[in-house]
Each structure stands twice: as structure tokens, then as C-alpha cells.
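Chain order of the listed sequences is F and V.
Anchor point for the first sequence: position 23 equals 23 in this note's numbering, and the numbering is continuous, going up by one each time.
Anchor point for the second sequence: position 77 equals 592 in this note's numbering, and the numbering is continuous, going up by one each time.
For the record, the hints were derived by calculation from the structure and aren't laboratory data.
Just to be clear, a hint being listed does not mean it is correct.
Here are the simulated DSSO-like pairs of lysine-lysine, each with C-alpha atoms no more than 27 Å apart in a straight line [claimed, not checked]:
# : chain 1 : residue 1 : chain 2 : residue 2
1 : V       : Lys628    : F       : Lys438
2 : F       : Lys438    : V       : Lys734
3 : F       : Lys205    : F       : Lys86
Short derived list, chain F residues pointing at chain V, Cβ under 10 Å [stated by the list, open to error]:
#  : residue
4  : Val136
5  : Phe139
6  : Arg143
7  : Val211
8  : Asn212
9  : Lys215
10 : Arg445
No experiment lies behind these values; they were computed from the predicted model shown.
Every residue, glycine too, gets a C-beta built ideally from N, C-alpha and C.
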Amino acid sequence: MPREGILVHNPYERITNEQVLQIHQASMQILHDTGLISFNREAAEIFHSNGAEVTIVSSGDSPCWLVKIPEKLVLHALDSAPKTVKLGARNPENTLIMKGEEPRVFFVSGSETNIWLDVDFPTYVKKSGRGTEIQVPEFHPRRGTVADLCDSAHVCEHLKTLDGYIRTVNIQDKDITEDNKDVNKFFASLNNTTKHFMSGLTSLKQLDNVVNMAKLIVGGEEELKENPIISFITCLIKSPLQFVEDTTQTFIEVCRRGLPIVVSSSPQAGTTAPIKEAGIMVQINAEVLAGITLSQLVNKGTPVIYGSVPVRARMDTLGDSYGSVETSQYNIDCVQMARFYKIPNYSTSGVCDSKTPGQQASVERLFSDIVVTLSGPQYLHCAYGLLDCNSSFSLLQAVLDDAHFQMIKFFLRPPWISEKEIADTLKQIREVVATPQKLYIRYIRPVMRSGEISAPYLFEGDGESDNVFALAYERMNELLAKPVEHIDPATTSKIFQEIPGILPRLNVYEERRGQ
Amino acid sequence: MSEDIIASLKENVIQGRKTQDDEGIDEELSGTPGVVELTQSALDDNIPPETIITRGLTAGMQVVGEKFTTREYFIPDMLASAEAVGAAMDILKPILEASNIETKGKFAIATVKGDIHDIGKNIVSILLKGAGYEVNDLGTDVPTEKIVEVVREYKPDFLGLSALLTTTMVVMGEIIEALKENGLRDKVKVLIGGAAVSDEYAQEIGVDAYCVDGFHAIKVLDAFQEAKA
């Protein structure tokens, strides 16, 4: 049985059907009359050979082409793109089945940050408190390592609500180079979680190595097609309306291999997209449609996901403001556009502006996590543990996030009202009002035991004071101590023999032997 | 046979099954006799009431208390068990009285004049009854004169007063004064509870204890009993 995620009944719709059509039509106009600049030669050639109007813009060191995509090409692509995308997993019970028309949400971690936030709890003595001692969490940023990535995948494996894993931290060890980064990030992640793994690629040269690694894990090429335990995300579009040279090439190659891929566009309203909602929506939709069209021209039937990471600019710095309310609005609009096309959607929530776990982080995350979930995206990159926009990752925050997603999932259970329920209720009310104490407490027990009453907040403290961080820290360490199912020894051995560049210290069996 | 009945009684207290119609926790018990039926069977089998109470009811409640402490049980479970024990005590009461066996004490409880909130008071009543006290629940919005009269006539060992509102908690002080005026203050231990009151307020008006909730009330009463012994 695949993972259930959470089915959103009556998903929240921010824009009307008429507005969806208006955006769609405007995006088509943009693709046809304004077009995109392609810095990737092959993409320009593919579009040209399929009837798009392609003209060279610059032929110097950085050649580029203007690609104007006719509507029929886009519509054909939308027609051939699968409406159901399966994301496999080492443990088949963690498989995700995403249907473009079904608002079933899967919660996923990511994205790749440079900074890992350590936490400790030093003791402070109150000056005027006659030796009163308190413990206050302190967060220490440092560069992320491959060991951190292992820990992050390990904890994410055990987070109840997390359905899939996108790598959370950029590995920056001294022995990690551009040539071995991909194999190490894929192996570190796949070896520490049995959930689906999605990642970007640092070097196209490593694509076949990571695909071969996945084939070794599942048992072969056909098995990987049947159970795609890995998928890719590529930012092939640079806003506004440009195909990037290298990432577009990666995109094309992944499509050729038939593996699931996210067409990701991340315009910033105010700088790389219009500041108004209609503007950023028309543009991001055009950009994603261009990517989807390319995917189907390269390899018809490529399982492609409508990826949206729109954001509003901060007015003080013109940096990203993921915590802004508008960012959630754009994401919800994108969810509706993807559903209109019946293509599974990768959406974004939970990325916050706050630098460390705390009140601001909680407010920003919870706000966007709730509202975007309510709209029913299929693959919600809800950024477990991410802070400071997309810059730092805190394992403690990821554990905190799991707690509030448990609440969101509970909230989204279908309403509990039926003829039988009403009949039972009437009987109960009549019985209770006839008793001297008029209390319904005795009826709580069967409901409580059946799991139909939501649990208290996971990190609620005892007594009068809150102790959220310390309790979450305890939980984090419990999860780290809990074993994970690593790739078996024989396959691990094959991977280390056949896939070059994986750091020997990632071989858990060799490490154990050495101890 | 007697041992089986006592063991079942204890188990059904733990399960919080007052009667055979109750679901309890373990589905297998559904339809089998609950605490009320088992208490009657025990009496029919000539098992002494002291044995029923100590090895059946109290022993079961002790396990329930332990499960509550370890968070396996929650308040609804405690109340279900206490309610079952309370029902058993109702059956045993005439036999205990006829045999001159005393309960743990008589407890009168009321929500004071002007206040109609009774959820907390009702829960305390159930818990105390389940703990072996003979409870006389006077209800809500009870006039001070009636409370004084009950203390005089019914002679409770303990008087519990409840108030939710800051506007009605002052009545508690008036009741204490009325008890003093009628020469009854030293005849009864007075305990107060409710959202509006506090330990400080208890001291201010001169009552014997402030109880945070029903469980606390049982501990306070047990402490009084120990001091008395």
C-alpha cells in the first residue's frame, strides 16, 4: 500500500475558474508572442524541429535563441504529460501516487541549504535571582556536511508526517568536489531513508552514476521504471522567461531517461516577475508550461511535475520574502493552475524569513503550511527544518514542524457527520440530560481509544511553564538513536565497487567493522 | 468462586465498567457483568463487604490511579472507574450501615449561591464517591442558609464549596462567617475549589484547604484522615 498523505476534501480555491482561464490564456500569449530566451542550444533545436519559431539572438560566447512556442505545441504536451505520477521508494509502503486531479497532499522536506544550525542548551544564572538557573537554547550556524545530511535523512525517516525526502543541506566537506558531490548526496540520503528521494543535480556528468546507483538498489532498469526511488528537480528556467544553459541540459537528459522530474520556476514578484498577483501568475505559469512542453518533446510521456516556488520580494532588501502572505497566495494559485491542467503539482510552504526556531518561525511556517495545504497540492515541499528563507536548516525545527503537521493532518480528516452519528448523538443527549450530573464524560472513552480525538501538542510541558525546545530536542535525539533500515550489505558493496567517488566513511558496514 | 468474583470485580473497576451494558476498554468484556452486577453477585455469594471493598473496589482503583500517573489513563477513565465504584458503594451502603461499618467519611458539596457552574463539582463528587466517601451533593446556586442547615443536620465530616466566578467566590467567606455564627465552624473541615479561588484566598477566608481538582481533594482528605488517626 502506498502512503496515504492527506486527502483535502473541498480544497480551498483562491481564484475563480474564470481567473484560471484568464491566466492560462495570457500565459499562452506570452509563450507565443513574447517567447523565451534559450541559452541552451539543444532546447532551441528541439523546439525548432517541432514547429516553434526560433531565431538566434546572440551568437557570441554565450549564444542564445528566442523561442516562440505555439499554443498547439503546449496543448499537445499537456495532453501527453502523465496525469498520475508515481514516486517510488526503497520501502514500497512509502510510494507516493500523485494524481493531478486529486487534492491528496504529501508533505516533503527540502531544499538544499548551505548552513546547518546546531543547538545546545547552556545554563544561565539569573543575576538578581539568588542562583536561579535557566537553560536557554542557543543556535550555532556552520557549513553543512555529508554527516549532517545522513542525520537529516535519518530523522526524516522517522518523522510521522513526512512523506518524501528532498535533501536538506548542501554537503561542503573538504573531500567533496563538484565531481563527487552528487553520488555522495544521493547515497547519504538513500542509505538513511526508505522514503522517496528527490534532488537536484550538481553535475550532469554524475547523472548516470546516480541513476545506476538507484538501479543497483532496486535491481535493474525495468525495476527502476516500475519503482522510481529517485526523482529530480531542475531550475531550468531563470525568470523572466529564460532557459538556462546547464540546468536545461540536465532537464533534457533526465527526461530522456524517463525518470520523474519537477519543472521548477521560482520568480520573485517585484524583481524577476511583476509585483502584482496577475503578473507573477501569468509569467510563472508560462515558464512552467514551457518546461512541461520541452519534457514531452524530448520524451513523450515523461512523468513531469508542475513545480512552483514563487516568492515576493522584501521591500527593504529586495531579497526573497518567503514569510510574506503573498507568497502563499501565489502558491495556492499555482496549485489551481496545475489542477486545471490535471498535472501533479510541486508547491511550497513553510519556508520562513525567521533566522532561528522561535515565535516568528512558528507563525510564518504554520500560516503558510495551513493555507497552502488547504488548497490541495500533491507534492508539498513544506520545508521541514528550513529557516532564514532557504539558507539554513535546523534538525530541531524539522522535529517541531512534524508536530504541527500532525495537527494539520488531523484537522483535514473528513467531517464526522452521518445519519448514524446523528441518531447515536440524539440517543446520547437524551440519556445524559436525564442524569443528575448531566455530563457526557463516559462517552469520551471509546472515542478516545479509537484515536479520533486529537493529541495534545507534542511538546507541551508539564506544570506551569512551557518547555518546547528542550522537549523537541529530546525527541530529536530519540529519533537519531532509533535505527534506520540501511541499504543491505551486498548492494552497498556493489554500489561502492561500481559507483565511483562515494566517500568510504559512508559505508556503514565498513565503519562498523573498523570500530 | 469467591476469588473469581473478586478478581472480576477488580478488573471491571480497572476497565471502568459500571454495568454489563458498558463498553469498558477490553472489547472481550462486552456484555459480561460489570461492577454493579458483580457486587450483587459477591453479596449473594456471602462475600464480606470489607473484602468486596478492599480487594475488589479499592484494589482496582489503586491500579487505575497508577495507570493515570503513567498517563496510560486519562480523566475520563478515572471517572468511569470512580463512577462504577460509587454505584457499588450505593449497593453496599445499607449493609455497611447495618453492620456499623463506617465509610471514609461524609462529604457535603455545593456550588455557592449565585453560581450555577457545576462541571468541576460533579467530577469531584464522582471521584470522592469512588474513593469511598459518602457524598451529599447539594447542587448549584445553594443558599448559605441551606448549607448551614445541612452541616447542622447531616453532620458531614467535610464540606466542599465550589465557585467559578470572582463575583461568587466572596460567598464562600460569607458561608464561613455563617458557620462561625452558628457555632458549626469547628464541626466540619471546609475545602474550596473552582477557577476563581486560590490557596491565598483559602487562607484569607480561613478554610481548611484549597483543592486544585478532584484528585487533589482526595489527597487532602486522606491527609486529614491520617492526621486524625
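Each hint tested on the structure:
Distance hint between V/Lys628 and F/Lys438 is fulfilled; the C-alpha atoms sit about 20 Å from each other, no more than 27 Å. A C-alpha spacing of about 26 Å is found between F/Lys438 and V/Lys734, which places the hinted pair at or below 27 Å, so the restraint holds. Only pairs whose Cα atoms come within 27 Å are accepted, and F/Lys205 paired with F/Lys86 is accepted, the gap being roughly 26 Å. Because the closest C-beta pair between F/Val136 and chain V is about 28 Å apart, greater than 10 Å, the hint is violated.
Using the Cβ-Cβ criterion of 10 Å, the hint placing F/Phe139 at the interface with chain V is not satisfied: the shortest such distance is roughly 31 Å. A least Cβ separation of about 41 Å between F/Arg143 and chain V goes past the 10 Å threshold, and the interface hint is therefore violated. A distance limit of 10 Å between C-beta atoms decides the matter here; for F/Val211 the minimum to chain V is near 49 Å, and the interface restraint is violated. Hint status for F/Asn212: violated, given a least beta-carbon distance of 50 Å to chain V, over 10 Å.
Here the hint on F/Lys215 is broken, as its CB sits about 48 Å from the closest CB of chain V, past 10 Å. The restraint placing F/Arg445 at the interface with chain V holds, with a minimum CB-CB distance near 5 Å, inside the 10 Å limit.
When held up to the earlier numbered hints, the structure conflicts with 4, 5, 6, 7, 8 and 9 and fits the remainder.
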